[in-house]
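Residue strings, one per chain:
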Amino acid sequence: MFEIVSNELIGPQIYRLRVRAAKIARKRRPGQFVIVRAAENAERVPLTIADSDPEAGTISLVIQAVGQATKQLVALRPGEGIRDVAGPLGHPTHIEKFGRVVVVGGGIGTAVAMPIAQALKAAGNEVVAIIGGRSREFVILEYELRQIADRLIICTDDGSYGRKGFVTDALTELLASEQFDLAVAIGPVPMMEAVCNVTRPPAIPTVVSLNPLMIDGTGMCGGCRVTVGGQTKFACVDGPEFDGHQVDFVGLRSRLGAFRDQEQEAHKQLDEKCRLK
Amino acid sequence: MTENRKAPRPGRTPMREQPAAERKKNFTEVPYGYNLEEAVAEASRCLQCKKPLCVTGCPVEVDIPGFVGAIAARDLRKAVEILKGTNTLPAVCGRVCPQEEQCEIRCVLGKKGTPVAIGNLERFAADWEREQGEARMPEVAAPTGRRIAVVGSGPAGLTCAGELARRGHEVAIFEALHEPGGVLVYGIPEFRLPKKIVRVEIDNLKKMGVTVEVNSVVGKLDTIDELLAEYDAVFVGTGAGLPKFKDIPGENLVGVYSANEYLTRANLMRSYQWPESGTPPVKSKTVVVIGGGNVAMDSARTALRLGAQRVILAYRRSGDEMPARKAEIHHAQEEGIEFMMLTDPIEVLGDERGRVRAVRCLRMELAEPDASGRRKPVPVKGSEFEIECDTVIPALGNNPNPLVPRTTEGLKVGKWGNIEADSVTGQTSREGVFAGGDVVTGAATVIEAMGAGRRASRAIHDYVMARPPKRK
Ligand SMILES: Cc1cc2nc3c(=O)[nH]c(=O)nc-3n(C[C@H](O)[C@H](O)[C@H](O)COP(=O)(O)OP(=O)(O)OC[C@H]3O[C@@H](n4cnc5c(N)ncnc54)[C@H](O)[C@@H]3O)c2cc1C
Ligand code: SF4
Ligand code: FES
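Keeping their order, the protein sequence lines are chains A and B. Residues 1 to 277, numbered by the working numbering, are exactly what the first sequence covers, in order. Residues 1001 to 1472, numbered by the working numbering, are exactly what the second sequence covers, in order.
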């Protein structure tokens, strides 16, 4: 059992859970993730470790409650526990002094981008962060990122906060006048794809963190496979970060999409079953 | 006695099983097992050979005439004791070992008629013991003060852990998944090996003092080197869990699942019990399984039970060459799996949304025998055809799991990523690190993994006892 130390709402349907997992907290490096199972019989869900506190022996997970499994997780109260937490999994982000780095976070991806920005900054990079969301309440971790980044640009699709438009609009503008040595993009698949399209012409190396569906996270099932540079890779053990300019986003999108269809279909059937009872 | 030998001997006692039409709709075990009278009748067929050939076919040399004789004499307690003397998991082996190519094929009775049903009897004795409730625990030697880490909880790790605990060592198992058992829980389906049996075996280990740390991905959480700092020796039994794909176009389309993924969803995640379990089952109309081994049979039969209307097994060679157990092939055929032999899938085709709609295949024919007498399958020109389907399951085998080798410096690996280890002692290129099972041999069998775990336990015992304990 992994005890929930705190559970706070930080955006619409977005929660930050602090979980006691001392060993993982000690071992974890930015970019790594865990696979959790809320209770016996629940699904296994991969979640990036947003932050860790080795002294307190806790890790933070930022979770958007979208499906059954994530709703079950965010319903847990302090004092209760998550049955299984396995990790830290995946390769940590490659951190070194690149020079100037732009970190782009979309929606919940901001939670994944934050520790990476933090590590890059600590390694001596100048970090510009761009974060965005549909509207003001979807912009998360603004305060935390302000402490970390040299500059923070906030965008909302509807203009309710920061500048109006997508993160890629802000990025395009930025790249028109400034030079960068590295871009890191983390968020929904279409957003990461769009960022890569922006960074490709100026040839800025771009790291993306992929979140295909996963089961074991140890290389055993192959469910997390993605095509990178024409080769099949397992995101859980070969990633989760890849060279964004090499990723086959079309394939990734359809794999994620179909899985969602399947889950919705399953729940529709479940609803019908319940109604019949 | 001579008198008896001349009399016509009765044939093999059949095992009752669920009718095919019923069982293909459920996940309950297929064979029911012998009752006492059936078991005694079958055991009485054994000739109690002086030089039993069956034993030479058993990878762990179970005293077969000994335990079979005890069943014939209705001394089931003794039968179990003999079995467990060399085989830690008889209830598992009685169900999944390929007896027809190991012990039973060598039984002298098989020369003229049918061999003794050794596997069925093994299962009977082990099930009897479990049904008595409290299994009698093997005696545990006085504590040695030595601590041993076992990485992976498949048959190799479980056996090694059990043997070491018996010798008085403190043993901790580290398992990556949330449930221990390895392939026994995530791969082999419930209808062939009820999970309850594996759970009882693991509980027995715990009663012997073995601790089981689940959710412990070694190489990520602890490395082998970190374990070595705390433990006197480490055994690596991480199995062959890296699925192979066929590397044909379309294999990353939606609806293509490795056999491991397909079976893990059904077994470990219990999607067949959905919605009580959180993982919904993969719903398919037509499934094409690619391969001809046990894993392919298990995937095909699972697909049928999850509600597929049509399940096709495509295999590029002929039926005679299929590596799966004969009994499983027979069960699959009875249940209505369509076998397409000499069929080689060359491409998976998708619709506009990236979902599987068909597989394109070539028909093969067997060429004239080559120098070794083997008839290689070669494609028939212009024989391309498509099978319409919505799910494709490549069941092409697995390579050893790379996590431990990747994170352990100085651990030698072979061409396929298998850990190099001595075939008797399990000693690897690193001092204090031993390995056995599929991670060394590549995908093999439960009993071979157990044998390796057992042999390594002896070498580990000698190794740790020759040194002072790490923890004072
Ligand atoms: C579907 C299927 C059907 C089969 N049917 C049969 C059959 O009928 N008869 C038969 O004899 N054999 C059968 N086999 C083969 C048999 O199951 C294997 O040969 C046997 O299980 C190998 O045992 P093992 O202990 O080496 O490894 P596994 O059983 O593979 O166990 C390895 C364990 O190590 C864990 N692990 C891996 N990496 C790490 C890590 N880094 N840290 C911690 N833990 C880790 C894994 O999660 C797993 O639990 C079948 C295999 C499959 C897949
Ligand atoms: S070879 Fe057959 S008859 Fe002889 S001891 Fe073994 S099981 Fe019995
Ligand atoms: S999640 Fe199973 S192989 Fe990556």
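There could be a bad hint or two in this list.
To be verified - DSS-like cross-link-like pairs, simulated, lysine-lysine; straight-line CA separation at most 27 Å:
id	chain 1	residue 1	chain 2	residue 2
1	A	K71	B	K1381
2	B	K1195	A	K233
3	A	K233	B	K1024
4	B	K1415	B	K1376
5	B	K1051	B	K1112
6	B	K1412	A	K27
7	B	K1051	B	K1244
8	A	K233	B	K1196
9	B	K1024	B	K1206
10	B	K1084	A	K233
11	B	K1084	B	K1196
12	B	K1381	B	K1326
13	B	K1024	B	K1207
14	B	K1470	B	K1024
15	B	K1246	B	K1470
16	B	K1412	B	K1207
17	A	K23	B	K1415
18	B	K1470	A	K27
19	B	K1207	B	K1078
20	B	K1206	A	K23
21	A	K233	B	K1112
Simulated from the structure, these hints should not be mistaken for laboratory data.
Evaluation of the provided hints:
1. K71/A - K1381/B: Given pair K71/A, K1381/B is violated - Cα atoms ~55 Å apart, limit 27 Å.
2. K1195/B - K233/A: 32 Å, violated
3. K233/A - K1024/B: 35 Å, violated
4. K1415/B - K1376/B: 24 Å, holds
5. K1051/B - K1112/B: 18 Å, holds
6. K1412/B - K27/A: 25 Å, holds
7. K1051/B - K1244/B: 42 Å, violated
8. K233/A - K1196/B: 35 Å, violated
9. K1024/B - K1206/B: It is violated: about 35 Å lies between the C-alpha atoms, which goes past 27 Å.
10. K1084/B - K233/A: Violated. K1084/B to K233/A sits at ~43 Å, over the 27 Å cutoff.
11. K1084/B - K1196/B: Since the Cα atoms of K1084/B and K1196/B sit roughly 19 Å apart, the hinted pair holds (cutoff 27 Å).
12. K1381/B - K1326/B: 31 Å, violated
13. K1024/B - K1207/B: Given pair K1024/B, K1207/B is violated - Cα atoms ~37 Å apart, limit 27 Å.
14. K1470/B - K1024/B: Judged against 27 Å, a Cα distance of about 54 Å means the pair is violated.
15. K1246/B - K1470/B: Not satisfied, since the Cα-Cα distance of roughly 47 Å exceeds 27 Å.
16. K1412/B - K1207/B: With a Cα-Cα distance of about 35 Å, the restraint between K1412/B and K1207/B is violated, given a limit of 27 Å.
17. K23/A - K1415/B: 34 Å, violated
18. K1470/B - K27/A: 24 Å, holds
19. K1207/B - K1078/B: 22 Å, holds
20. K1206/B - K23/A: OK: K1206/B and K23/A at ~23 Å, within 27 Å.
21. K233/A - K1112/B: 53 Å, violated
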